[in-house]
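Same order as they appear, the protein sequences are chains A and B. Every position in the first sequence, counted from 1, becomes a number in the working numbering once 1 is added. Every position in the second sequence, counted from 1, becomes a number in the working numbering once 712 is added.
Errors might be hidden in some of the hints.
[Said to hold, decoys possible] With the C-beta cut set under 7 Å, the calculated list includes, among others, these residues of chain A facing chain B:
no., residue
1, V218
2, E304
3, H343
[Unchecked claim] Ranges between beta-carbon positions, derived for each pair:
no., chain 1, residue 1, chain 2, residue 2, range
4, B, N742, A, T27, 42 to 48 Å
5, B, G806, A, E48, 49 to 55 Å
6, B, K717, A, E185, 46 to 52 Å
7, B, G786, A, H105, 47 to 53 Å
8, A, M387, B, S723, 21 to 27 Å
9, B, Q798, A, N32, 51 to 57 Å
10, B, M713, A, P280, 29 to 35 Å
11, B, G806, A, A255, 48 to 54 Å
12, A, R38, B, M713, 47 to 53 Å
[Claimed, not checked] Sample of chain B residues at the chain A side, in silico, Cβ under 10 Å:
no., residue
13, S723
14, T739
15, G746
16, D747
17, I748
18, F765
19, T767
20, A772
21, A773
22, S777
Worth flagging that the hints you see were computed from the coordinates, not collected in a lab. Each residue gets a CB set at the ideal place from its N, CA and C atoms; glycine is no exception.
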Amino acid sequence: MSIYLDNAATTATKPEVLEAMLPYFTQVYGNPSSIHRTGRDARRAVERAREQVAAALNADKGEIYFTAGGSESDNWAIKGTAFAHRAKGNHIITTQIEHHAVLHTCQWLERQGFEVTYLPVDADGLVDPADVERAITDKTILVSVMMANNEIGTIEPIAEIARIARAHGVLMHTDAVQAVGAVEVDVRALGVDMLSLSGHKFYGPKGVGALYVRRGVKLDTYMHGGAQERGRRAGTEYLPGIVGLGKAIELATADIAGHAARLTAMRDRLIDGILKEIPYARLNGHRTRRLPGNVNVSIEYIEGEALLLRLDLAGIEGSSGSACTSGSLDPSHVLLAIGLPHEIAHGSLRLTLGDYNTEADVDATLAALPEIVRTLRDMSPMYQDMLEGALK
Amino acid sequence: MYSEKVMDHFSNPRNVGEIEDASGVGTVGNAKCGDIMRIFLKIENDVIVDVKFKTFGCGAAIATSSMATEMVKGKTVEEALKITNQAVAEALDGLPPVKMHCSLLAEEALKAAIEDYQKKQQAQKEAAQAD
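For reference, chain B alone in the conformation it holds in the complex (with noise of 0.2 Å):
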């Protein structure tokens, strides 16, 4: 029922793991529905230099993941978020219909991420100013 893809990216996931100094994080879904998603940031010059993931979820779930990081690293933080579920699902060579769910899961984990990175500036910001 998955392609040859989503199996090599649920066998093989890449970015698996967890950035120490996470320029942002975001978790999404919870455990009653089967699916928890998070996903770190590493960005420098509104760049992302590095992410990382970490899935409690199904085959597609896993996979989403994976290629979602894939495809955000080395992108900036305007690009990446441009990035939707469909393309996500297009690079896996598809989903199940009953599985798209899971790659929004991957966009919205990775939306978060990018909001809790950009709430982090802003407060930098603010505290810049108020010194």
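Bound conformation, chain A alone (with noise of 0.2 Å):
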């Protein structure tokens, strides 16, 4: 069996949420817009996920819409202010280090005649909310600002720079895909107007999550097409998944605290131990102000591709910014935008905890990877004459 360290990219699905779900693939399978018995069951099914949802986030269940997962959420909440506000301005604010649903919704709406600031970070990937403020014009309709970083896990002042946007009569809008289920997330606290999330971050299912729109938000429809989620949002709900995406956010918010202390317990060690027992190795993302599982360090003159086909074969699963598993021949955007050279960037590892992780994995971590970073570097002729440039 694998040590799964891949949390970020998604979570295996709890068997309660499993549970949840199955009986609405072959028993309640009605459509919720359905007048009859099967139908109005189902209706009831979406509506009492809607109000765990709610519950999780501290909205009210009107402000809460399913949507296919937080791409859907990101793309409908950027192009759907953008165009509903387009009378008032054509600029957005967002950061140089969000998601691609948010970047390259955003590089789009440029070719569709809209501005956009990409705000830098400093070296810990943090944004300053008094670049925000200095970025918004007369024609600023929306910042856009995630929550919680994917790759390096750092968390932003999204508060803070909510009540920036606020006090410019700004819309705000969070991308908090990685932040719900592993931090305190609460939409009245935080001040945004809109917030995406995804089921299948927090052990829900795939190919589901949801919008969060504060009341009162014009936003343009995205999906067109039937009454669905109060006309909003078109297509028949994927009744399985919104149960099972009510299930987890139930689970996941429950004991939020002892949850997340529990994994940064694990993280703290498995950064403390990589950075003991590996030179040349250095930690991305801010060291505090980061998410419970998050740990993703750069280790020089070896490449992230190779290292996570090693660690692999190793049984342990993991993933990388390197150009080789982007698929482009850039290392990741969030890297660099942290200021990283790019072959410091190649060399990333990222290993993202979660619930089903185990001090045992962490051990057997930090048992195997020294090792097999010795054995590439090795091979590694930058390694070799870095070694050569030190003793001359």
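Assembling the complex is the task here: the two chains are given apart, and the hints tell you how they should meet.
In structure tokens form, the structure reads like this:
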């Protein structure tokens, strides 16, 4: 059995979640829009899930819309705001470290005549709220900043940024896909107008997410068609998925502090162990303002994909921001945005812990990783050159 | 995504290391792109008698380095110059399309090492003539 340390990519669906979903495939299979009993039973299940999501976020159930996942929620929030508020202005503010669901949406909007400011971040990946305020013009209609970064785990000062946006009458969206279920997410305390989340990041099913839209926020429809989701998002509801999302968010937020404390302890042991055992390694992302399960390190003089393959052969599953794993020639935009040179960004390793990881997994990783790094460095001409340079 | 042969050469790469008194050394690629290959050749009477490599790069880069070094061992310089990236990739039962540039790097590293050897030969010849 592999040691799965890629919980930021996706998580296992919890058995309780699957169990809650199953009756909605074969027994309560009605269309929630149907008037008959099977349809009404299905409708009740959707509305119960909506209550569960609302309760987890401290929102009203009328502010929760189900979508096909985090990417759709981001697309809807950003494009929907852009087109609904075009008469007021055409300027959007976001950051250089957003998920591609936000970045590529913004780049597409630029081709439609919108203007986008991509704010830089500091070496820890933090956005400076003062930069947000400076970037706001009388044409600004939206600020979209992620709550926690998926690669380096840095948690952004969303409440502070939202206060600034609101003071200037600008709408605020946050992509909280990595944050929900990992840290406390309270839409009222944050003061955001829109928030994206995705079920499979917190032990729910894939293919279902939600968008929180504060009551009164004007947002264009993204998915046109039937009158589902109070006429704002068409398409027959993914009933079992929505039920699973509701159950998963309830479980994930039941004891968020205890859950975060457990993961944080494992995370810190993993970070400290790696930095102690492996020379020429550095932590990426903020040391403490960081997702409880996120470890991201750059290991110099080796390349990330080779490291991942070797780890996989040793039964440990992680991910990397190297070009070879991103499918492009450039390493991760997040690692470049925090100022890493290309060659160090290529050697990044992300290990993300989840509910099913144990202290034994941390031990096994700390036992295997240094040897793998040594082997790859022995093979690396860069490492050889560095050692020879150091001798001279 | 990788063939069994690629995974074999990646997990047990052949000819890793350096040759102290190499007849030719070739380094290609750059760290910015995430690939550097260095090939060391030991050539006697125009035959490659030993070859070693060091590579910074992905799984495909390491596997193509390993395969390329296997393919040139025992070959004459002229034969070695005929080895193409396609041949290296084929010997590995193919590479994913996005990884084909890694096999090109192996071919280039080999050529660079041979060029280095030929330059050294030329310099020796000229030195001998000057005497």
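Comparing the hints with the structure gives:
1. V218: Given a least distance of 42 Å, the restraint on V218 of chain A is violated.
2. E304: holds, 5 Å
3. H343: holds, 4 Å
4. B:N742 / A:T27: 42 to 48 Å: violated, 57 Å
5. B:G806 / A:E48: 49 to 55 Å: holds, 53 Å
6. B:K717 / A:E185: 46 to 52 Å: holds, 50 Å
7. B:G786 / A:H105: 47 to 53 Å: holds, 51 Å
8. A:M387 / B:S723: 21 to 27 Å: holds, 25 Å
9. B:Q798 / A:N32: 51 to 57 Å: For N32 of chain A against Q798 of chain B, whose Cβ atoms are near 55 Å apart, the range 51 to 57 Å holds.
10. B:M713 / A:P280: 29 to 35 Å: Since M713 of chain B and P280 of chain A have Cβ atoms about 31 Å apart, the given range 29 to 35 Å holds.
11. B:G806 / A:A255: 48 to 54 Å: Hint holds: Cβ distance 50 Å, inside 48 to 54 Å.
12. A:R38 / B:M713: 47 to 53 Å: holds, 49 Å
13. S723: holds, 6 Å
14. T739: Result: holds, 7 Å to nearest chain A Cβ.
15. G746: Holds - the Cβ of G746 of chain B comes within 10 Å of chain A, reaching about 4 Å at its closest.
16. D747: holds, 8 Å
17. I748: holds, 5 Å
18. F765: F765 of chain B check passes; min Cβ-Cβ to chain A is 8 Å, inside 10 Å.
19. T767: Holds, about 6 Å.
20. A772: Interface hint status for A772 of chain B: holds (8 Å vs cutoff 10 Å).
21. A773: Interface hint status for A773 of chain B: holds (7 Å vs cutoff 10 Å).
22. S777: At about 9 Å, which falls below the 10 Å cut-off, the nearest Cβ of chain A leaves the hint on S777 of chain B intact, so it holds.
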